[in-house]
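Colleague: What follows is each chain in one-letter form.
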Amino acid sequence: MDIRTIITAVFLGMGCFFIIVTSIGIVRFPDFYSRLHPAGKTDTVGQALVLIGLMIYEGFSMISIKLLIIVIFIFIASPTATHAVAQAAYLREVRPWKKKEKK
Amino acid sequence: MFDIATIAVIFAIMITLYRVIKGPMIYDRVLAANAIGTMAVVLLVLIGFEYSRPHFLDLAVVYTLINFIATIAFLKYREKGRLD
Numbered sequence: 001m002d003i004r005t006i007i008t009a010v011f012l013g014m015g016c017f018f019i020i021v022t023s024i025g026i027v028r029f030p031d032f033y034s035r036l037h038p039a040g041k042t043d044t045v046g047q048a049l050v051l052i053g054l055m056i057y058e059g060f061s062m063i064s065i066k067l068l069i070i071v072i073f074i075f076i077a078s079p080t081a082t083h084a085v086a087q088a089a090y091l092r093e094v095r096p097w098k099k100k101e102k103k
Numbered sequence: 104m105f106d107i108a109t110i111a112v113i114f115a116i117m118i119t120l121y122r123v124i125k126g127p128m129i130y131d132r133v134l135a136a137n138a139i140g141t142m143a144v145v146l147l148v149l150i151g152f153e154y155s156r157p158h159f160l161d162l163a164v165v166y167t168l169i170n171f172i173a174t175i176a177f178l179k180y181r182e183k184g185r186l187d
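Chains as they are written, first to last, in this note's numbering: chain L, 1 to 103; chain G, 104 to 187.
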């Protein structure tokens, strides 16, 4: 097993960790505005780690250039979409979640 | 190596699908669907590497664009009631 495969495995493991953390956070967090926070994890660091690991596995070729295009586009566009969702919810006056008062 | 990562991403998509089905508001559903779209891009690339078919990368590029356009279009339709 050469060193490139080991580096790829480490990158894939970290990326899959962030993706699973995203899914758990989206299910478990209490309201809409706090769910925006884990949704940004896959959009930036999760997919970037997985795809950069595959670029290291592939070496320099046309495939790695396509992967780099995907990484850059998701890195710019997907937080834009998240911001648009948050702005639409704010304009519709969705109230933030508050902790219940103890009696 | 790739098959384990593929199974992990499929597992994450199945967990996130709970929020799409049950989400209290429509914005929760849009947010979870957007996250599922990003995970589906990663899944397509991983499947392409697993079966050593590089054509899946083109599908992943197209799916990235469609995912972004779909979210923006749905929010615009929700806000203004029309798309022109």
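Hints are computed from structural coordinates only; laboratory data are not their basis. Do not take every clue at face value.
To be clear about the criterion: a stretch of chain L counts as covered by chain G if any three or more of its residues have a C-beta under 8 Å from a C-beta of chain G, and this derived list gives those stretches [what the hints assert, rightly or not]:
(1) 28-37
(2) 76-83
Reference listing, derived: stretches of chain L covered by chain G, where coverage requires no fewer than 3 residues with Cβ under 8 Å from a Cβ of chain G [to be verified]:
(3) 15-25
(4) 43-57
Glycine included, every Cβ here is placed at the ideal spot set by N, Cα and C.
Colleague: Can the region 28-37 of chain L be counted as covered by chain G under the rule of three residues or more with Cβ-Cβ separation shorter than 8 Å?
Modeller: holds (count 3)
Colleague: Closer than 8 Å Cβ to Cβ for three or more residues is the test here. Does the region 43-57 of chain L pass it with chain G?
Modeller: Coverage by chain G holds for the region 43-57 of chain L (7 residues, Cβ < 8 Å).
Colleague: Quick check: do three or more residues in the region 76-83 of chain L have a beta carbon closer than 8 Å to a beta carbon of chain G?
Modeller: holds (count 5)
Colleague: Are there three or more residues in the region 15-25 of chain L whose C-beta lies within less than 8 Å of some C-beta in chain G?
Modeller: Our answer is that it holds, as 7 residues pass the Cβ test (under 8 Å) against chain G, meeting three.
Checked against the numbered hints listed earlier, the structure breaks none of them; every hint is satisfied.
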